[in-house]
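Undergrad: Respectively, the protein sequence lines represent chains S and F.
If you want our numbering, it's the 1-based position in the first sequence plus 13.
If you want our numbering, it's the 1-based position in the second sequence plus 3.
Just so you know, these hints were derived from the structure itself, not from any lab.
Heads up, some of the hints might be wrong.
To be verified - Covered, in the sense of this in silico footprint (three residues per stretch, anywhere, with C-beta under 8 Å from a C-beta of chain F), are these stretches of chain S: (1) 181–194; (2) 290–303; (3) 326–334; (4) 342–349; (5) 361–367.
To be verified - Anything over 10 Å on all C-beta distances counts as not near chain S; from chain F, calculated: (6) GLU8; (7) SER9; (8) GLU24; (9) LYS28; (10) ASP72; (11) LEU74; (12) ALA91; (13) GLU92.
Just so it is clear, CB atoms sit at the ideal spot from N, CA and C, and this is done for glycine as well.
One letter stands for each residue in the lines below.
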Amino acid sequence: MTSSRKKIEFSLNAAEKLNATLNAFLEIDREGALRRADQLDAHSSQPLAGIPIAIKDNICVRGLQTSCGSRILGDYHPPYNATVINRLLDAGAVIIGKTNCDEFAMGSSNENSAFGPVRNPWNTSKVPGGSSGGSAAAVAAGIVPVALGSDTGGSVRQPAALCGVVGLKPTYGRNSRYGLVAFASSLDQVGVFARNVTDAARVLGVIAGRDVHDATTANVPVPDYVGSLATDIKGARVGFPQSLFRVGLDYEIGKAVRAVVDVYRELGAEIVDVDLPHARYAIAVYYIIATAEASSNLARFDGVRYGFRAEDAPELRQMYRKTREEGFGPEVKRRIMLGTYVLSAGYYDAYYRKAQQVRTLIKNDFLNAFKQCDAIITPTSPTHAFSIGEKVDDPLAMYLNDIYTVTANLAGVPGLSVPCALSSGQLPIGFQLLGPYWSEPTLFKLAYAYEQTRPFTKKPPVFAGEMS
Amino acid sequence: MPIKESDIEKIAQLAHLELDEAEVKLFGPQIAEIVSYVEQLNELDTKNVQPALGGLTPEGEQTDSSRDDELEPSLGQATALEEAPDPAEGYFRVPKVL
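Work out the full structure: start from the sequences and follow the hints.
TA: Encoded structure:
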């Protein structure tokens with residue numbers, strides 16, 4: 014048996030076995046993955062040769078389903094690959110399946126999936142975070158070493174923190190959104206989950222870069238991310254925004270992230286006080302802009318060209334309405350409604366324009382802060398993984414989970430979540446590094462230096478074992 | 004600004020959603036709560052602030068996204084119709100419009 018095939022079989026077996034517990038996968042492609050593994054061994058010089066990878070179910074992979082966790086797309090099989098998928102395949106990666114997520118990536122707990130919630134491998138009564146909860150759980154449980162997700166307001170970094178893995182949201186325009194089902198186009202970015210910083214750097218190196226199919230990708234050279242990893246961070250300036258460590262932050266998380274700051278100080282970094290005075294408005298700005306863009310993007314789901322169509326609707330407009338009523342879940346409807354409201358005649362200036370102005374202030378906060386520091390450290394999430402069902406009836410409380418992550422999407426800067434501790438309740442805690450545009454090498458280097466000094470080696474109770 | 008049930012029904016109509024009565028009752032107060040939360044932005048004076056347009060970085064704004072006007076193969080009719088709920092003779096068929 015070839016080594017590639019052995020690795021892929023390990024992943025497929027683990028995915029199948031653990032899915033009954035975790036519900037992390039919506040589709041597992043045993044046949045396709047094994048076929049590809051057998052074809053691959055001849056070209057083992059590729060950067061991801063024979064590496065099993067899981068893909069969030071809102072990124073198009075030809076031949077597999079793309080449901081976005083929604084009934085309205087249900088059994089949709091896209092006729093093309095997303096650009097990031099083509100790049101992964103060209104690099105030799107083997108896609109083993111599509112992962113569960115909040116419907117259209119709207120959620121912070123994965124409870125909004127039409128196909129049931131994902132469970133956290135650290136404690137199966139807890140949420141894995143969201144919206145890329147399936148990808149986070151699959152990496153945390155050792156099913157795959159790496160996975161792709163999408164991050165619109167924290168949907169890679171927050172579940173990475175709650176599941177104890179590394180999660181990256183790159184700079185806006187770093188990689189292509191072509192084939193990522195759009196939620197909020199000015200915020201969406203494909204992100205990476207991995208069990209260590211090196212693997213995350215390797216995958217970003219493969220998927221990053223300009224794409225003619227996505228006009229928002231920037232013509233910025235892709236550096237050697239793995240080559241930039243180093244443990245010597247003497248003189249690096251790490252910004253510490255004290256005001257973000259006060260209100261609403263879980264005590265243990267605050268303590269754990271302050272301990273990370275101490276490690277950076279010991280490693281020779283300079284800790285600099287910085288302020289992001291408009292960060293506290295970020296959730297309000299985000300839920301105007303994201304819902305406005307979503308209400309427009311999701312207008313395409315109308316039962317005409319693909320996906321689900323409601324029956325018993327003899328007239329066109331009635332068919333649209335019934336299809337969308339039956340096809341979308343409650344959170345998606347709530348956000349479409351909110352987005353439609355803030356864009357509607359008479360309210361546009363009061364809400365949407367105002368939000369875009371405050372977005373400018375949030376961007377400027379970062380530009381000012383990065384004059385004084387190379388990266389900013391914050392918690393990734395204000396709480397650790399909460400219980401399934403705990404917040405489902407309170408959408409606003411759920412939105413506040415994104416308090417530390419949405420600013421990066423609004424400003425377009427990259428963010429990296431790194432696991433650093435376990436709580437007294439044995440749940441993972443992550444810290445976040447935010448950097449200037451295109452500073453992924455700096456973030457990786459800082460994260461790598463921490464990881465080498467304080468490796469996070471604990472494994473969750475639901476774990477596939479180590480791949481040999 | 005208070006949001007009435009009739010507002011919810013009007014928004015649903017604009018959004019092509021056919022909410023049932025329970026949803027109207029559920030969404031009304033929830034959307035009102037979220038709207039009152041986002042109204043905290045009014046604390047800020049933004050008279051002289053330019054609204055952000057999209058998410059582009061300066062490098063992204065400078066990227067020339069034009070390309071050569073060359074013919075490339077497209078999906079083709081058969082593939083494009085493969086996922087349609089009701090294809091007919093090479094077209095997307097829909098219920099009557101008028």
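Undergrad: Each hint should be assessed against the structure and marked as holding or not.
TA: Status of each hint after checking the structure:
1. 181–194: holds (count 3)
2. 290–303: Coverage by chain F holds here, the residue count being 7 at a Cβ distance below 8 Å.
3. 326–334: The restraint on the segment 326–334 of chain S holds, since 9 of its residues have a Cβ under 8 Å from chain F and three suffice.
4. 342–349: holds (count 4)
5. 361–367: As far as the segment 361–367 of chain S goes, the hint holds, because 3 residues have Cβ atoms under 8 Å from chain F.
6. GLU8: holds (13 Å)
7. SER9: SER9 (chain F) clear of chain S: closest Cβ-Cβ about 13 Å, beyond 10 Å.
8. GLU24: holds (12 Å)
9. LYS28: Non-interface label stands for LYS28 (chain F): nearest chain S Cβ at 13 Å, farther than 10 Å.
10. ASP72: holds (12 Å)
11. LEU74: The claim stands: LEU74 (chain F) keeps its Cβ more than 10 Å from every Cβ of chain S (closest is about 14 Å).
12. ALA91: holds (12 Å)
13. GLU92: holds (16 Å)
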